[in-house]
Amino acid sequence: MTAVTDLVPSYPMTRGCPFDPPAELARIRDDECPAEPGVARVRIWDGSTPWLVTRYDDVRAALADERLSADADRDGYPAASRSRRVRSRGRRRSFIMMDGPEHARHRRMLIGEFTVRRIERLRPLVEQTVTALLDAMEAGENPTDLVQAFALPLPSLVICHLLGVPYADHAFFEAQSRIMVDLTSGAEASAAASDALQDYLAGLVRERLDEPRDDVLGGMAARVAAGDLTVDEASASALLLLVAGHETTANMIALGTLTLLHHPDQLAVVRDGDAAQVRAAVEELLRVLTVTHVGRRRVATEDLEIGGVTIRAGEGVVLAAEAANRDPRQWPHPDEVDVTRGTNRHVAFGFGVHQCLGQPLARLELQIAYPALLRRFPGLRVTVPDSEIPFRDDMAVYGVHALPVAF
Amino acid sequence: MTMRVIVDKELCIGAGQCVVTAPDVFDQDDDGIVELLTDSPAEGDRDAVKEAEHVCPARVISVED
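Taken in sequence, the protein lines are chains A and B. Counting in full-length UniProt numbering, the first sequence runs from 1 upward without gaps. Counting in full-length UniProt numbering, the second sequence runs from 1 upward without gaps.
Keep in mind that the hints were calculated from the coordinates and are not lab data. Be aware that a few hints might be false.
[As the list claims (entries may be wrong)] Taking lysine to any residue pairs in the SDA-like style, the calculated list, with each CA pair at most 20 angstroms apart, reads:
id: 1; chain 1: B; residue 1: Lys9; chain 2: A; residue 2: Arg105
id: 2; chain 1: B; residue 1: Lys50; chain 2: A; residue 2: Gln330
id: 3; chain 1: B; residue 1: Lys50; chain 2: B; residue 2: Leu37
id: 4; chain 1: B; residue 1: Lys9; chain 2: A; residue 2: Met109
[To be verified] Pulled from the structure, derived: some chain B residues nowhere near chain A, Cβ distances all over 12 angstroms:
id: 5; residue: Arg4
id: 6; residue: Leu11
id: 7; residue: Leu36
id: 8; residue: Thr38
id: 9; residue: Asp39
id: 10; residue: Ser40
id: 11; residue: Ala42
id: 12; residue: Gly44
id: 13; residue: Asp45
[To be verified] Estimated spans, in silico, between C-beta atoms of each pair:
id: 14; chain 1: B; residue 1: Ser40; chain 2: A; residue 2: Tyr167; range: 45 to 51 angstroms
id: 15; chain 1: A; residue 1: Ala192; chain 2: B; residue 2: Leu11; range: 37 to 43 angstroms
id: 16; chain 1: B; residue 1: Glu64; chain 2: A; residue 2: Arg345; range: 19 to 25 angstroms
id: 17; chain 1: B; residue 1: Glu64; chain 2: A; residue 2: Gly100; range: 24 to 30 angstroms
id: 18; chain 1: B; residue 1: Arg59; chain 2: A; residue 2: Trp45; range: 31 to 37 angstroms
id: 19; chain 1: B; residue 1: Ala42; chain 2: A; residue 2: Ala136; range: 31 to 37 angstroms
id: 20; chain 1: A; residue 1: Arg108; chain 2: B; residue 2: Leu37; range: 18 to 24 angstroms
id: 21; chain 1: A; residue 1: Asp228; chain 2: B; residue 2: Asp39; range: 30 to 36 angstroms
id: 22; chain 1: B; residue 1: Leu36; chain 2: A; residue 2: Asp303; range: 36 to 42 angstroms
id: 23; chain 1: A; residue 1: Asn142; chain 2: B; residue 2: Ser40; range: 55 to 61 angstroms
Where is the CB? At the ideal position from N, CA and C, for every residue including glycine.
Please model the entire structure based on the sequences and the hints provided.
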């Protein structure tokens with residue numbers, strides 16, 4: 001039975017506790033009533049009612065299902081906001097919105113830049129960057145905002161280095177990127193931000209056509225020169241890497257630090273633990289925080305079944321990784337933070353062919369950032385109660401807008 | 001019984017999860033595509049290989065056990 005009633009809940013839902021996904025999500029996921037086997041209709045911003053999938057096994061299977069398209073231009077695609085819909089229509093698209101062979105072709109051009117081994121070579125650079133930022137923080141104002149002092153500049157500096165984007169331009173691209181992930185941005189403002197960033201990145205690719213360089217944009221320029229890629233396609237991919245490369249990790253650093261400060265025993269494990277313990281802790285923080293908290297969006301290209309529910313061709317599907325990562329069928333006491341859990345089975349980076357390309361980089365940065373910060377400032381503390389922290393309920397990437405800390 | 005591992009390079013998306021999970025068995029070439037270091041892993045790598053099969057997002061690892 002999949003009757004649509006007037007009681008269709010809105011999605012995204014409102015959080016109760018800022019550290020947990022909305023309780024309504026857990027209700028849909030865990031209600032054993034056979035009419036709602038973890039899959040339910042939800043109402044999104046445009047009044048449409050795509051399916052919401054919440055259970056771990058179902059979310060994973062759906063993310064790997066080729067009958068679900070990531071193409072935001074298809075009818076029925078449940079865009080996350082009005083601005084996202086406008087932004088995708090008729091504009092240059094990155095491979096995250098492509099399917100099948102077209103997606104594979106574009107992704108394959110980049111995966112050599114993000115191999116585990118290649119990213120590991122960035123370790124000294126990441127360590128030096130962390131040290132320099134912590135030095136500056138120590139010499140600067142106390143209290144300070146951890147987001148501006150550390151959490152944002154670290155991934156921003158690193159992705160700039162990797163891509164070959166001048167960090168001197170960071171105020172520009174951070175501001176534009178912020179508009180893009182702001183769910184409340186007007187459609188025009190969002191499209192303008194996207195265009196401005198893409199034009200900027202296209203300019204950098206063109207510079208490398210004349211003057212080759214050994215960075216990701218340089219690699220893209222070489223493919224443009226070889227006729228394998230257009231400048232527009234290159235800049236669309238570069239835009240994805242630039243935005244995803246700093247928004248997500250910055251929020252993981254800040255929100256993860258706040259979470260650890262609330263759990264001193266767990267914090268001690270991250271601060272004093274060996275490499276394996278830190279690795280496990282990072283996976284647990286990725287699982288419980290799932291900062292990409294507005295669901296992966298897909299549209300069915302043919303009829304299929306998810307969790308016993310029939311999804312018809314043309315219907316939208318929202319895959320709630322934030323609910324799946326708290327599924328009690330997968331993890332005992334899933335709402336508890338336990339940095340010793342030692343599982344990387346979470347879907348915080350997604351699953352299927354679109355799984356995060358930059359995950360080795362994100363892991364490297366987080367594994368270095370948390371312990372370095374906690375060791376440098378053993379007395380680190382938040383100076384305001386949680387109720388005064390500006391959580392990012394309004395953004396496609398969850399986290400905190402600012403985190404006032406003393407050290 | 002010996003464990004046998006098969007990978008499908010054609011469908012690999014280079015997420016690198018296998019390299020992180022079972023580094024003695026899986027690697028990536030310069031283009032990011034999975035490389036099998038051995039198709040019959042040691043007994044001690046059994047659990048890690050099973051886990052790599054589970055976490056591979058493109059499901060290109062299969063294990064005959």
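Outcome of the hint check:
Annotation: proposed proximity of Lys9 of chain B to Arg105 of chain A holds, straight-line Cα distance about 14 angstroms (limit 20 angstroms). As the CA atoms of Lys50 of chain B and Gln330 of chain A are separated by approximately 17 angstroms, the hinted pair is consistent with the 20 angstroms bound. Between the alpha carbons of Lys50 of chain B and Leu37 of chain B the distance comes to roughly 15 angstroms, so the proposed pair stays at or under 20 angstroms and holds. Taking the CA atoms of Lys9 of chain B and Met109 of chain A, the gap is near 15 angstroms; set against the 20 angstroms cutoff, the hint holds.
In this structure Arg4 of chain B is separated from chain A by more than 12 angstroms, as the shortest Cβ-Cβ distance comes to about 23 angstroms. Not every beta carbon of chain A lies more than 12 angstroms from that of Leu11 of chain B, the smallest distance being close to 8 angstroms; the non-interface claim is violated. Leu36 of chain B, annotated as away from the interface, keeps every beta carbon of chain A farther than 12 angstroms; the closest lies near 15 angstroms. For Thr38 of chain B, the shortest C-beta to C-beta distance to chain A comes to about 18 angstroms, beyond the 12 angstroms cut-off, and the non-interface label holds.
Against the 12 angstroms criterion, Asp39 of chain B stays outside the reach of chain A, whose nearest CB is about 20 angstroms from its own CB. The claim that Ser40 of chain B lies off the interface holds: its Cβ sits roughly 23 angstroms from the closest Cβ of chain A, which is beyond the 12 angstroms cut-off. The non-interface label for Ala42 of chain B is consistent with chain A: the shortest C-beta to C-beta separation is roughly 20 angstroms, beyond 12 angstroms. A cut-off of 12 angstroms between C-beta atoms confirms that Gly44 of chain B is not in contact with chain A; the least separation is 16 angstroms.
Every Cβ of chain A is farther than 12 angstroms from the Cβ of Asp45 of chain B; the closest lies at roughly 16 angstroms, confirming the non-interface assignment. At about 47 angstroms, the beta-carbon gap between Ser40 of chain B and Tyr167 of chain A stays in the expected band of 45 to 51 angstroms. At about 38 angstroms, the CB distance of Ala192 of chain A to Leu11 of chain B agrees with the hint of 37 to 43 angstroms. Against the hinted window of 19 to 25 angstroms, the Cβ-Cβ separation of Glu64 of chain B and Arg345 of chain A comes to about 22 angstroms, which satisfies the hint.
Between Glu64 of chain B and Gly100 of chain A, the C-beta spacing of about 28 angstroms keeps the proposed range 24 to 30 angstroms intact. Checked against the hint of 31 to 37 angstroms, the pair Arg59 of chain B and Trp45 of chain A passes, with Cβ atoms roughly 33 angstroms apart. At roughly 47 angstroms, the beta carbons of Ala42 of chain B and Ala136 of chain A sit outside the given window of 31 to 37 angstroms. In this structure the supplied range 18 to 24 angstroms holds for Arg108 of chain A paired with Leu37 of chain B, their Cβ-Cβ distance being about 22 angstroms.
Taking the beta carbon of each, Asp228 of chain A and Asp39 of chain B are about 32 angstroms apart, inside 30 to 36 angstroms as hinted. Leu36 of chain B and Asp303 of chain A have their C-beta atoms about 37 angstroms apart, which keeps the hinted 36 to 42 angstroms range intact. At about 57 angstroms, the CB distance of Asn142 of chain A to Ser40 of chain B agrees with the hint of 55 to 61 angstroms.
Checked against the numbered hints above, the structure violates hints 6 and 19; every other hint is satisfied.
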